[in-house]
Structures are given as C-alpha cells and as structure tokens.
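Asks: Spelled out, the chains give:
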Amino acid sequence: MQGRIILVLISIAIIAFARVAGAEVDREKLLKEPGVYATFAAFKVGDQWSHMDKQAKAGAVEEVKRVFQMHVDKVSVDTHLVRGLSEKADFFLRVHSKEMIDNQNFLVDFMGTSFGKALKNTDTFNGITKALNYVPKFPEDLKAELKTPPPQGSPYVVVVPIRKDAEWWLMSQDARMAMMQEHTGATVLYLKTIKRKLYHSSGLDDLDFITYFETAKLDDFNNLVTALLQVRENRHNKRFGEPILLGTIRPLDEILDIMSR
Amino acid sequence: MQGRIILVLISIAIIAFARVAGAEVDREKLLKEPGVYATFAAFKVGDQWSHMDKQAKAGAVEEVKRVFQMHVDKVSVDTHLVRGLSEKADFFLRVHSKEMIDNQNFLVDFMGTSFGKALKNTDTFNGITKALNYVPKFPEDLKAELKTPPPQGSPYVVVVPIRKDAEWWLMSQDARMAMMQEHTGATVLYLKTIKRKLYHSSGLDDLDFITYFETAKLDDFNNLVTALLQVRENRHNKRFGEPILLGTIRPLDEILDIMSR
Amino acid sequence: MQGRIILVLISIAIIAFARVAGAEVDREKLLKEPGVYATFAAFKVGDQWSHMDKQAKAGAVEEVKRVFQMHVDKVSVDTHLVRGLSEKADFFLRVHSKEMIDNQNFLVDFMGTSFGKALKNTDTFNGITKALNYVPKFPEDLKAELKTPPPQGSPYVVVVPIRKDAEWWLMSQDARMAMMQEHTGATVLYLKTIKRKLYHSSGLDDLDFITYFETAKLDDFNNLVTALLQVRENRHNKRFGEPILLGTIRPLDEILDIMSR
Amino acid sequence: MQGRIILVLISIAIIAFARVAGAEVDREKLLKEPGVYATFAAFKVGDQWSHMDKQAKAGAVEEVKRVFQMHVDKVSVDTHLVRGLSEKADFFLRVHSKEMIDNQNFLVDFMGTSFGKALKNTDTFNGITKALNYVPKFPEDLKAELKTPPPQGSPYVVVVPIRKDAEWWLMSQDARMAMMQEHTGATVLYLKTIKRKLYHSSGLDDLDFITYFETAKLDDFNNLVTALLQVRENRHNKRFGEPILLGTIRPLDEILDIMSR
Amino acid sequence: MQGRIILVLISIAIIAFARVAGAEVDREKLLKEPGVYATFAAFKVGDQWSHMDKQAKAGAVEEVKRVFQMHVDKVSVDTHLVRGLSEKADFFLRVHSKEMIDNQNFLVDFMGTSFGKALKNTDTFNGITKALNYVPKFPEDLKAELKTPPPQGSPYVVVVPIRKDAEWWLMSQDARMAMMQEHTGATVLYLKTIKRKLYHSSGLDDLDFITYFETAKLDDFNNLVTALLQVRENRHNKRFGEPILLGTIRPLDEILDIMSR
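Here the protein sequences line up with chains A, B, C, D and E, keeping their order. Residue numbers for the first sequence follow the working numbering, beginning at 1 and rising by one. Residue numbers for the second sequence follow the working numbering, beginning at 262 and rising by one. Residue numbers for the third sequence follow the working numbering, beginning at 523 and rising by one. Residue numbers for the fourth sequence follow the working numbering, beginning at 784 and rising by one. Residue numbers for the fifth sequence follow the working numbering, beginning at 1045 and rising by one.
Only chain A is shown next, with the shape it has when bound in the complex (with noise of 0.2 Å):
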C-alpha cells in the first residue's frame, strides 16, 4: 500500500516537472499546420470493467486524467462518444502530435491503466496532415468559397476513412484535379454548417485518406454525403467508411462518467 503511495507521488512529481519544462502543446496550431500526425483510436469497454467494484473504478477514473495530464506537453486529445450510434465503438480517442510516437506512448500509457486494461481496441486510423493539394489550382470564386468560416461548437462528429483505387491513383494529376474540383464544388453548400478536415493515410494505416466532420445539422450531412456520391470521383472510392464513426463531442470526464455507471 506503501507503495503505491510513493508511486502516486512521483507520478504526482513527473507532471509537475512536464507542466514546468514544457508548456502545453498549442491545440489550435496542431489543428492547423502540415506534418501533424494523427492517430484515431477506437475502443469498446469489455466485461471485466462492469464487476469492478465503485471505488476502484473512480481510482482507475483519476488514473486515465492523471495520463491524459502526464502528456499534455506533447499530444493534443479530443474525446468523442460513439455508443448508441454504432456497435464498432463506444467512443474514440482523436490524437495530435508533432511525432507518431508520442502519439503511441499517450496511448500505450492509456492503455496501460486499469481502465484502460478493461477496454477492446476496435479500430485504429493513422493520418498525418498535409498542404492543400488540388486547392491553389481551382478557379478563384470556388478558392472564395472555401474561405467560409466553419461552424463552430458543433455536437457531432463522423469520421469516414477512405480508400481509392488503382485507377484513382494512376490518373494524370490533371484528371484527379479536375474531379476533386467537382467533388469541391459539390460541397460549397455545406460549408457554413459542416466543417471538414482532411488526413492522409497511405503507408501508416490500410486507408488513403481519413476525413473528419463536425456539424450541428445531420440532415445537412446526409444531403453532402449523397451530393458526394454523385460526383466521377465516388466511382474511385474502394472503400468509404466501413466503418463510419457517428458519434457526439463529449468532455473526457462525461465519457468516463457513462462508461463507469
């Protein structure tokens, strides 16, 4: 018991120690700039967690916080809940650093926690950001348009990883332009109520691109989505979703808070 005690303790000492040499990594600017690699992971909570008795799930609670704090300095963490809307997941972890790894020791120290122990790993997408690629080349009054600010304090999210084809990717850089320019066009009317980031995936995960949505109107998504089917470019779409994550925006304490009842 002893121990464990001495152990909190240098726990306690080691985020200090964080908090002091490093400040927290800015959220704002990794959401931002190119070369910020992403890790999206997927868990559901296993049996094992529901026999744990109350007390040891609210220490197992203070635990995850005291992980998520311990790398506050290096990775930037959103937390989405997905149960009641999809059977692959009951919330994922959105992940942001400046290097993979510290993407994989946040996660491995999650893990690593008694909660964390109870959880199943269902699905796991890497991306990492990059500079727009067909963007600078469209006609100015669709480079306008993308100008419109997106929505902000959205409650939901989706994530959709993609994958496209041999053909896709043996296309001249033309062609694949002029088709994204399309597959643009197709989405300037949801701008202002759907905001959208865009990962790329080939080599770090089985995907190419991952896309990540935040929006208030469902309805508005599902007319976006249907307009992006009816685009050249879907013909190229091996994969879209499977899965597709629909989930709610939830602060890290509500998530633990459902999971533990």
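Source of the hints: derived by calculation from the structure; they are not laboratory data. It is possible that some hints are incorrect.
To be verified - Keeping only pairs whose Cα atoms sit at most 25 Å apart, straight-line, the calculated DMTMM-like set for lysine to aspartate or glutamate is:
1) B:Lys305 with B:Asp426
2) E:Lys1076 with E:Glu1131
3) C:Lys610 with D:Glu1025
4) E:Lys1282 with B:Asp287
5) E:Lys1132 with E:Glu1072
6) D:Lys840 with C:Asp779
7) B:Lys349 with C:Glu662
8) A:Lys195 with A:Asp219
9) E:Lys1261 with A:Glu87
10) D:Lys848 with C:Glu776
11) A:Lys217 with B:Glu503
12) E:Lys1132 with D:Glu870
13) E:Lys1164 with A:Glu87
Place chains B, C, D and E on chain A using the hints.
Replies: Only chains B, C, D and E this time, still in chain A's reference frame:
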C-alpha cells in the same frame, strides 16, 4: 444500501419531473414526418446474464423499464424479437426522435443498466426520414395505387439495409426515376399486405437506405422481394441485407421476460 | 426447491394439455406441402456447458426434451450432427411449421433451456416451400425421370444456402427455365441415391434458396455437385454454400448425449 | 472416484474388443486408393486448458491416446504442428477412412475428451480421393516424369484449399486438360523434393480441392507455387489457400506434450 | 517447489551448453543472405495477463528472456511495439533463421511460457529471402542509385504484406521487369531515409511478398507509398497491407515492461 435508495428516489423524482415538464413524444407524428432520426440497435444477450439470480434479473428488468420511461418525452421506441429467426441478434430496438443525440442518450442509458451491461450490441443502423423523392413525378394511376392503406397490427417485421453502387448515384435523376417507377410498380400487388417505411442513411452509417417492413404474410413478402430482384434497379444494390433482420413485434415486457428465463 | 417442483408439475400439466388439445403436427404432410416455413438453426456448444456437473447436465437434457414435446403440435423438428465435419456448428435443427412464428416460439423456448443458454447460435437460415416453378414446363421424359423415388434412411445430410446474382433475376422466365432444365438434366443420374428439397429464402434471409440433400453416398454427391458446377446456371451463383453444412442425421437423444459427455 | 475406475476398465475392455474384432486400418492402402474420405481438422487450444493442473492434463492426454486407439480399425490419423507458423491453428489432424461417418465418429470422440473440450475447432476441410482425371491423356514423357518417386520422411507439410471459378467448370474437358497439362509440366522440376496429394471437395465443403504437400525444402516449395501462379489455370483459382496451413509433421505425443506445457 | 528449482537449473544448464556448443547466430549475415526464413508473429495480450499478480508477471518475464536466450544460436529475433498504432496487435516479433522449423521451435517455446499462454497470436506471416530478381537487369544509373546506404537506427517500422493478381504472374518476365523498374524508380527519392527489405511468401503463406520498412520520417514514408500507388504495377496488387503493421522498434525488455504494467 442507503445510497442506493436515495438514488432510486432521485431517479423517480426525475421521471416525475420529466412527465410533468413535457408530455410523451407523439409516436404517430414521428412515424410520418420527414426529418426524423431513427436508430435500429440490435443486441444479443451475453453469458453473464444467465448467471445472474432471479432477483437480480427482476431488479434489472425494472431498471430497463425506468430508462424507457425517462426518455418518453424525447424518443419513441419499438421492440422486436429476433431470436430464433436470425443468429445475428436476440432483439432490436427501433428508436425515433427529432435529434440523433436523443437516440444516443436513450441508448446510452439503456446500455448502462444492469441488463444493458450484459448485452452485446451486434448491429446499429442510423437513418433519417425525408420527403418522397421520386413519387411526386410518378404517373397519376401509380400515385393513386400508393394510397392503398397499409395493413395494421402485423406480427412480422423485416429490416433490410441497402447500399447502392457508384453507377446508381452517377445516373441522371430521370434515369433513376424511371427505375424507381419500375421498382414501385412491382410493389403495388403487395401494398395491402405489406407496410413499408424508408430511411436515408448515406453518411450516417455504412449504408444508403434502411427499408423497414411489417406484414402478417411472409409468403407475400418473399414474393415481393423476388419481384424487386427482377427490376433493373436491383443491378445497383451493392448490398441488400447482410444482415436482413427478420423478427416479430413484441412488447418490451415480453422480450425482457423471454431474455430473463 | 419447492418452487422448482411446482414449476415442473405445471410444465407437465401444460404438456399433457397440449397433447390432448391438439394432435402432433403431420410431419409427412409438412415435408411435402407448399407454403411451409422452415428454419435451419445451427449451434455450437459453449465452454460453460462442459463446466456443468453430470446431474445438472442430465436435468438440462430432460428440459430440452420437454420443450420438444411442448411444441409437437405446431412444429416438426429434425436433428443433425455436424461436429467433426465442419468447424461452423456442432449440430443443427431443421424446423418446419405452417407459420414462421411457430418456428421462432419453439426455438426461443429451446434457447431458453439451461442447455440452450450454453449454446451459441452460429447460423440460421429461413425459407418457405413453394409449388414447383420450372418443372411443369419441362419435357415429358425429364418429368418422368423426376418421378424416381428418392432414397430412404440415408445417413448423410448436406445443406447448401444459395444466392443468385442480379443477372439471374433479370433474365426472362424462358431463359431461366432453359438453364434450370439443363441443371435438372444434370441431376437425373443421382435421383436414386440423393434426395433433395428446395426452400425459397429471398427476403426471409440473406439468401435466395436453401437446398437440402440426404444421401448414403457422398461420392455420388461430390459427382452431382461437380456436374452442377458445369452447367451455365452456375455462372449466376453469387453464393454457393459458405457455409455448406455437412452432417449426419441423428436422433435428438444421441446428439444430446454426445454434447453432454 | 470408483465410478471413474469402472469407466476406465470398461474403456479398456472396449479397446481390447476393437483390437481383436478388427485389425488396424491399412494406412498405406488408404493413402493410395480412390474413394477414401479425408477430413482435415484444425484446432487451437483455448484458455481453459492452461488453467488445468499438471495431473488433470496428464489424465487428459491419456484419454486422447485411448480415443486414437479406439478408432484404429476404422481411421488413420496423421498429426501436424502449426503453432508458430500460422495464427489460424495450433495443430491439425488429417483423418482418412472409407466412410465419412467414421471420420466424424473419431473426431466427435476426440472433441469429447477433456483435452478436446478445451479446443476450438478453427477449420475443417473435407475431401474424397479419386482416380486421376487428366493424367491418363497426358503425353507419354510427362506421364513418365510423373513416376518420379516422391521424397520420404519430409518434415514440412502444407495444406492449400482451392476453389475454382464458374468459367473453369464451364470450359470443355479438353480446354481444362490443356491447362492441367501446363500446370503439371510446371511441377516436374519439383517431383523429387515435394510430395503431393489431391482431394476433391465440391459439395463436401466450401471448396473444390484440397492440395496436400510434404517437403524438406520450403525454398523449392516457394518456387513451385510461384511456377504454378504463372500458368493460365491460375486465372481460375477463386480461392487459393486462405488459409494455407503450413506446419511440421510431429507425432501425437509431441503435439500433446507441447500443448500441455 | 523443489521441482521448479531443479527445472530452472536444468534450463540454465541447457542454455550454458547452447552458448558453448554454438555461438550466437550471426544477425547481420542472416539479414543479408538469400535463403533465410523469416516469420513475423504478431500478438495481443489477453485479459488473463492483467489479472496476474506482480510477482507472477515478473517470473513470467524472466521465463520469456530465458526462451530468447535458449534459441540464440539458431534464430535472430527483433521486437516491435504496435500497441497504440494498430488495433491488430500489441507487438510483433520478426524471427530469422536458416530453417523454418527453427522459427517454429522458438515461437512454440515462446508461446509455451506463462506470458505466451496469455497472448493471442493475431497474425503470422512467413517468407524467405532471395537473390534480387529484377535489379541485375536495371540500367546502370538506377543500379548505382540503389547503392545509397539506408538509414540506421530508425525508430519506426512498417510491415506491408502483398498479394499479386493472376495477371501479374501471367505477364512475361520482361513486362514485369519494366513495371518493377518504374516501381523502383519511384523509390529512389526515399532511399536515404527509408530502409526496405523484401521477403517472398508464395506457398508459405496467403501472401506473395512481405515488405518491411524502417524509417525515422513517416512523412517520407507516406510520400513513398503514394508514389508507389501511382505506378502501373499497383494495378496488380490484389492485397496491399490488410493489415499494415505500423510500430516502433523497442527492446524486448521495454515491450515486456509495457505489457506488464
């Protein structure tokens, strides 16, 4: 033990408040209007449930009923028994509300009960209802046929998730309408014995549509589906079912009773 | 303990009543008539069963037999041992009745026994029998051949679920009939040693047909299937088997005995 | 305890009777003749086995050996270790007999032992041996080559299940023979170092063929398969492996010993 | 307890003998020569491990280290941490030796430790190294480029299993070489930052190739794979990844430590 009693009292207080503050959601309206969100959540009962003793089960069943009551002002829930007719699920809930997050909140509470913790969520399908797309342009006689009142009080239910191929979405609206007219023509014979309802899923799930049927005559239903396989639109079904969920409409009490034996 | 005895007495009373009120369902008639519903339910015995003690197992076996007896006026059930010949199941039940809900009610009761709770339902196929579709228009000599009496008392059983492609269903009735005539011609050689039965599944399951075979000569059956692979209709089998269930016909007692060792 | 001793005595009595009544099945003959049924049954050891104590394991091992002995007059069983070389199985049994039900009866008894109950049957492939189909019409020099005696005492074994596409089966016998001659030509170089055996599976499993290989030189085997990928017949392999089972031939005792550590 | 001590002593004796009798296998040589067998074995830690107490875990870790030591004269083993970057595995071992059975014997012993028994083997890929196939006929300037020394001490590792389609294998050697030259040309830019190694798998696994990469720059790796998707040879990849295993190179001690928290 005292903590528990207080918790129960608070729960009752919340329910009472809910019932006063807002009336029950209007099920009939929800089932007719566009812009309504539906979540089909299928479950299988896990091993741990059968190891619980009678009293614990009875308490868990009461807990489930309270959760249903607590959400009665936001969601309408239909219950269906699948066990025996598919290995995919023991039962599924069809949840309707005006906001997807209300479906999620209900299901999260349901899955947080002692009964819910013993369940495995095997499949979840999300959709939204919309105004009719092709029907307004159908010939008048077909439109008249479609006014045939559907059957009431049918025991059987069939859920068929559908995904269309890229060619379907890239066809002109007219070409799609011609095919849907042919499709609809094939259903006329069965309007009197089979009730159907359509949900749009693109972007909300790894599906494009959820089709939901109620009937007392499964032989008619087999004939209807065979007829639908014989129209050209069938060439564009990348996924039809997989899984088809065949079940019977049963009250919550009966399903809980069957699962608790 | 007393509660249990009373329960047993009531159960016996119910069975007695059932046997008086309605006679046993006519198995021979069910196996010949159109409009009969069949459910093939395959099961694997779970770990928990082998941990039960001898007496509990013996009690559970009696419980299963009572469930079979209780439904004897509605459903006819055949039992088949798969263990050893497929990793997909230990055994499967073939259930026939005039209403699908009777199949469900029987299987729900079966799965609610102590033995049933230890089972994993690995596959379920639903179908309906129908009047012959193509045979009436076959040439007279082929029709005469088809009157060959099938073998009786065969030990082996094979179930092959089948799904046709869209092109099959979009062919003209004549084109389909020509192909089915070729298909049927290939079976003539084996009519004496292989008994077959067809169920229609479209809309009732993720299948179009369930084909069921009984034989004492598996070498003939291998030759028959090879012959059927060589007719043009085979081009339109999107799914053929997957899984094929190969087993042996065994009485309920023997299957329960094998599973209870 | 006394009950157990009596059981053992009875078992011994039965074995003794079996050994007297019928001699051991002739393995060499079974491995050469047509019309012999083979079942390849692959298993993984479950968690519960490692929780058993040493003595219980030792008893269970003896039980397995008795089951092998009891069926020695009907089936011939070869044992192969897969663990380490595939995640699909720990070991597999290759069972031969004159009637498929004898394979089943042996495997049912094997799976009914304490060891068997701790196993998960991960894959089962059924086949039948037949007289050579294409070889009789091959040119004389190729036929002469095929008489090369295969290697003996090879340590490695590879099982490759194969399924052909519809086009293969719809080709003329001559076209198929031309392709099989090309296929066979590609194997000549490896006849001295690789032994092969073919089983026909259509209708007995979700396969058309099981190909079984023994070799001491896996580099040669890699070259052989690469050569077979380069003949036209390869275009018609809808499934080749999936899973390939690569293992080593080991006596039953060694496999039981490895699994019991 | 005494039995255990003796066992340990014997083990030590065996190790001592092994170290005397044969020196450690030459890792550098194994990693360069043709005709070397590689087994990539990926594992996930099961629930039972986290239920073991600290002391039992510590003992189990020592047991694993002894197994590594015991095989040091036959196999060379590299260890990689996957947890956090893929849901497919927690870690994987890359095992090299001159005979596949040595890989198997090492892995069987590893999986027979207390730690090994708590693992689930999630994926295993087998391959063999060969002399370069196409490079000798490449133009001199490309051959010169290929002599660029690969990076050393890279933290990231990526394993990509690959399966080619039938058309690839049926092309002429010249046509394949032209495509491989184009493929190789696309890699030149990344030779300085990405190290690669190729294994041939046809017949040894459900794969044709295993490609193994080490890098410190995952952004370069994403660019490399994107470039490889854009050459014609990509049309013939029936499988590319699925799963891609992305991880970091970590010493055995660190991996055991992470898994034992």
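Asks: Evaluate each hint against the coordinates.
Replies: Here is how each hint holds up against the structure:
1. B:Lys305 with B:Asp426: Given pair lysine 305 (chain B), aspartate 426 (chain B) is violated - Cα atoms ~31 Å apart, limit 25 Å.
2. E:Lys1076 with E:Glu1131: violated (31 Å)
3. C:Lys610 with D:Glu1025: Holds, at roughly 16 Å.
4. E:Lys1282 with B:Asp287: violated (52 Å)
5. E:Lys1132 with E:Glu1072: Distance ~29 Å between lysine 1132 (chain E) and glutamate 1072 (chain E) Cα, so the pair is violated.
6. D:Lys840 with C:Asp779: Judged against 25 Å, a Cα distance of about 24 Å means the pair holds.
7. B:Lys349 with C:Glu662: violated (44 Å)
8. A:Lys195 with A:Asp219: holds (14 Å)
9. E:Lys1261 with A:Glu87: violated (35 Å)
10. D:Lys848 with C:Glu776: holds (24 Å)
11. A:Lys217 with B:Glu503: At roughly 29 Å apart (the allowed maximum being 25 Å), glutamate 503 (chain B) and lysine 217 (chain A) break the hint.
12. E:Lys1132 with D:Glu870: holds (13 Å)
13. E:Lys1164 with A:Glu87: holds (23 Å)
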